[in-house]
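Please arrange chain B on chain A, whose structure you already have, making use of the hints.
There are 2 protein chains.
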Amino acid sequence: MQQAVSLIKSSSTILLTGHLRADGDCLGAQIVLYHALSAMGKEVQIMLPNLPDQRYGFLEQKTPWKIFDGELPEYDLLIACDCNELGRLGGMVPEILKRSQPKMVVDHHIMMTPDTWDAAFHDVEAAASGILAIELAQLLGAESLPLAAYEAAFVALMTDTGWLKYSNSDQRSFDMASYLVARGVDSSRIYDLVYQQLEDGRPLGVAAALQNLQYHADGKIAVAWVTNDLLTAGNGSLDDTDEVLDIIRAVANVEAVALLCERDAGQIKVSFRSKTILDVNKVARRIGGGGHARAAGASFERSVGMPEAVAQTLEVLLDEFATQ
Amino acid sequence: MQQAVSLIKSSSTILLTGHLRADGDCLGAQIVLYHALSAMGKEVQIMLPNLPDQRYGFLEQKTPWKIFDGELPEYDLLIACDCNELGRLGGMVPEILKRSQPKMVVDHHIMMTPDTWDAAFHDVEAAASGILAIELAQLLGAESLPLAAYEAAFVALMTDTGWLKYSNSDQRSFDMASYLVARGVDSSRIYDLVYQQLEDGRPLGVAAALQNLQYHADGKIAVAWVTNDLLTAGNGSLDDTDEVLDIIRAVANVEAVALLCERDAGQIKVSFRSKTILDVNKVARRIGGGGHARAAGASFERSVGMPEAVAQTLEVLLDEFATQ
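Quick mapping for you: the protein sequence lines, in order, are chains A and B. Here this note's numbering is used: the first residue of the first sequence is 1278, the next is one more, and so on. Here this note's numbering is used: the first residue of the second sequence is 1278, the next is one more, and so on.
So here's chain A without its partners, still in its complex pose (with noise of 0.2 Å):
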């Protein structure tokens, strides 16, 4: 941690990154220290490998960021955010090997390729990276940001929990949770700019997506599905399917729910969710994708249409249930 502060303390030009389509947390984080860097009179860039999630461009209104198109710009230091894959950074990864400045993280994802990085500010206890990001800010002394900083930091900390309700919600979370609500940030507000700018079709997308609705497995395991049809026969929409797979895992009984999705190209993605047993990742790697234990993802061949691909899903969720 030390040598993070030292680093940070010698170097006038600071580059920012964070991992490929930035999330709350990743954004968050390059946020609160492009502000706090600044205000130790560093000279400070964010540049993102690609496109954030579009649900947090709002931050961009009051913190500037780039995105990589093929040239890095000089930097005495380059600090990644919510990452310690190299390989995370995408295109960016070559152009920074060329250089032989120093790289430090700030992250709490388990440390995969600890040699990359000179330094680390990196904690897996933490709840986000957020988090860090400001407990380094007050480690460098920059004890007053501005609002935009508190509350990239407060975007990144509920995004990461689940707005305090997944298990990685401690003390130390709701204890930032009220310092930064302390400092200015309206929490409703915050939610609304990220949770509810969804388009009016929304709704109606939600429904098609939960009719399709069956258990298995003495109601343990749920498989939904929704096609581009059943959406658009009745002006829904269905972007992201989060709340879609809340809904269902919200069931008691149930332990696993797929969710399949037909997206533009008539290509089916399939989403899985698990509360506390089937490690869903390794369902995901055998239809060709991967992710978390309790959240993974995978999409399959263009040719797979609809029925194959559930017959195929629910196949390969009840085999791995049953090995459980």
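Derived from the structure by calculation, the hints contain no laboratory data. Computed from a predicted model, the values in this text were never measured in an experiment. All clues stand as given, with none of them false.
For lysine to any residue, the following SDA-like pairs were computed, each having C-alpha atoms within a straight-line distance of at most 25 Å: (1) K1552(A) to S1514(B); (2) K1442(A) to Q1331(B); (3) K1552(B) to D1517(A).
Coordinates of chain B only, in the frame set by chain A:
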């Protein structure tokens, strides 16, 4: 406030109660006071006017309550929680009115009938009555309570603030959440107990309720409805409507939502939610109900059918919206 403390201190036998179909905040406030007053050596009993929302039944495992069956026990003091309209105590009202013992309220709703009460621990700024119950316990010197009390306060706080995402989620709410977590409350476990115990038919119930959704006033006003026939045709269930309301309110354009459901005896109930400007308490009052500015509800006369109820709801909603 001081009168409330004096009344409690001078009473030996205390009866706690709350509004009909007790919700998380109503039960939570009573449970906090049950443990705080018991710790002070009072003889305490919780008596509910009828069955609480079944979602909160798990709280009874650690704190006993009784359902009113026509007879009230003897008491020196009655404390109504989360409710300052005597009428909302249902069948208990005539029995209470026969007694000369003092009555007080612990509540955060707008005070409708102050003359009913001998004392009030009342603060409309509090996001939940559960917050007031903890503050009253602190004032009474009952600083260290069993985990069951802190869990109940957490249920009260989190359910009344929509898990810290509604506009009443202020600094005091976040500080209280931290305070409770510091005393041992496991946020994720409570979330599971409150929100992930749904029946198999719930996803289909949600789908049914989202199907008859119509937007009005350029998409600012959304009205949805579901009948028992529609629900049972698909084996759907929908004993509470929070997630349906949340899904519709998450549409960017929507300012206010009304959801009409047919209850067991064919009576239609309407629930309202709004985002930022429309006072749905005023809307609900015009249909004989009430609640808060951003969350309210009402029940129609039994003779009113769904089409008429929908029409009346829409008329009042549009009328109130037009005056904003």
